[in-house]
Every structure is written in C-alpha cells, then in structure tokens.
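Asker: The chain contents come next:
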Amino acid sequence: MTTEAEAHATEHHIVSPKLYLGIFAALLVLTATTVAASYVDLYVFNVVVALAIAVLKASLVVLFFMHVKYSPKLTKLTVISGLFIFLGLLSMTLADYMSRAWGRW
Amino acid sequence: MSDSTTVANGEMADAPDARVETHAAHPPYQRHHFESVAQQFDATNFAMWLFLLTEIMFFGGLFTAYLIMRNWYYPAFVEGSHHLSIFWGTSNTAVLITSSFTMAMGVWCAQMRRKGGLVLCLSLTLFLGFVFLCIKGIEWHGEWVDQHVPGLRFTDVDFLHPSMDAEVYKEYQDAPLAPGMAQKTEQYFFLYFAMTGMHALHMVVGISILIFMLFRAIQGAYTEGHFTYVENFGLYWHFVDIIWIFLFPLLYLVSRHAK
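So the sequences go chain by chain: A and B. Sequential numbering of the first sequence, starting at 1, is according to this note's numbering. Sequential numbering of the second sequence, starting at 1, is according to this note's numbering.
You can trust all of the hints, since none of them are fake.
Residues of chain B clear of chain A, computed beta-carbon distances all greater than 12 Å:
(1) H33
(2) G151
(3) H202
List time: in silico DSS-like cross-link candidates among lysine-lysine, alpha-carbon distance up to 30 Å:
(4) B/K115 x A/K69
(5) A/K73 x A/K18
(6) A/K76 x A/K18
(7) A/K18 x B/K115
(8) A/K18 x A/K69
(9) B/K170 x B/K136
Hints were generated in silico from the structure; no laboratory data involved. The beta carbon of each residue, even a glycine, is placed where N, CA and C say it ideally should be.
Please build the complete structure, drawing on both the sequences and the hints.
Answerer: Structural data, given as structure tokens:
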C-alpha cells in the first residue's frame, strides 16, 4: 500500500505547458468553428453541430485542463457517474413531459 | 488504510514517549490522518469532484428548464435569442477560455515551484475574470436599455413589432409574434438572466478566492510542494468555464437560423 502510494507520489503527472497551449489553441479554433457554423443554415443540424462542438470542448477541458486523463480511476469513475446521473435525470424528466397529454409537450 | 494508526498505538503501549519516535518524517502540510501526501491529494481531489457533481446537478436543473421551455415556446425563444449580441458572446467565450489556460499554467507553475510564474498566472486569470464580468455587464446594460429585463423593466413590444428594433430586424427579419407568444419572450429572458446570472455569481466567488490566493502566493504559498489548493481551485475555475461553453451556443447561437 505504502509503496504503491509512494510510487504514485513520485510519478504525479505534470502536464506540460506545450500540451496546455495546444489545448488552448484547439479550444479557440472550436469556438471560431461553432460561431461560423451558426451563420450557416443547417436546419435542425445547427443545434446538433453546436452541441457536438460544445461537448468536444468540454471534454478537452475535463481531460487535460482538469487532468482527468491522468487522474486515478476513482476520479474518472466519479466524473462519469456524475454525467450518467445527470443524463438519466434529464431523460427521465423529458420522458415525463413528453408522455403527458398536454397538447404540446 | 489504518496501518499508520495501528502501528502508532501499538508502539505507544510499550513506551510512553513512543509517539515522538514513531512520528515518521513527513512534510508539514501532510495531515496526520493521511498515510501519504499522495493519498491526501487524491482524497481532496475526490472531494472537489464530488462538489463539482453537485454543481452539475444545480446547473443541470437550469439547462433542463431551458430545454423544456424552448420546446414549449419555441418562436418566443428564437426571437428572444436574436436580441443577444453574438460579438460580445464570442468575445466572452474567448476571454474565459484564455483565463482557463492561464489558470492551467498557474497549476503548472505551482507544481514546478515557480513563484513568479504562479503570481503572474493568477493575476492574469483574475484580470480576465474581471474582463468577463465587465463584458457581461455591457450586455446586461444593453438588455436594460432595450427593456428586456423580466420583472424589472420588460416590454414585449419588440416582438409584437419586430421592425421597431431596426438593427436586429435588418439581420433576422423576424415575423411579429402573436400577443400570447410575444409575452413568452419574458420566459426566455428570465432563463437567460437566471443562467448567466448564476454563472456570473460563480465567477464572483472564483474571483474572490483568486484574490485570496494571489495574496497567499505572493507570500510564498503553494510553491513549496503543496499545490493542492491551486489544483482544486483550478478544477472549480475550469468547471465554470465548461458551464459557459454550453451556455454560449444554447443562448446565443442555436436560434440564429431557426424560424
């Protein structure tokens, strides 16, 4: 246990500034892309594209800026379970609203 | 997990002053109930993530409300959104992403024990946080002038007669809404203020903690191996950034071409 902990301490991952800079550039490019995409009429896909880019940006932030890629399994599991519960609550709420006879959901 | 305490108690039974001898060398910032600094770091990191999960649920409620309301009162939400400034929204996104980058660099400086770099990064993050709030203030002021503040100063005349706001009309040529639907634009602006307001409140909290950290960093804190505080504050700051990453397209962008 101790040796494992010590090993973890010595190899505490430090993300390099170069990688941070790359992620930063990618986030700016994705922001420009999502704004540019909003000026093109894609019908229903405007929402899809905007949300897909937002999810991609958020994933980059979580994985690299928030170090989840280099974190212990416990942290990864915590993040994933949080998102899972949120999506579960969201879909259950929507299912409730959609299945009621309110004329429009 | 409980190895350290068992050993300490066992030793103590033999010699009264064993506590001093068995007190293994450890950095001053390691709390005694942790086995190692790494364990302490992981535990605080885990706790920070649990807090962020509660924040996801909190903002998640607002996002869910927005999703449902937008589907109910779709035309009102589309035309309401046409009155936001994509220029300011995009600028603020860039400002916030840059502040996330400077914050990440601050964590790196703390890890590398670079005091000057840490102070610089925290100062830049603080500055960009203020810039974000100033831009947000400019936008909110615009909404106040346009009478789009629900409850305090609101009129739906812009949505009954869209051509009255020449600038917005030139770009979107919105059709007039029926009176019942035009009223519902207040719902859009209510959620707009609730979401950006809650986000801004989180920025204010973040800025306050940043000021505190900046003073501590100038005194030499965080750069002597114990960077947990900076790391965990970084998580909070990036989380607030992520909320904005979703707010920006949903409030400003997705309704541009919707009719």
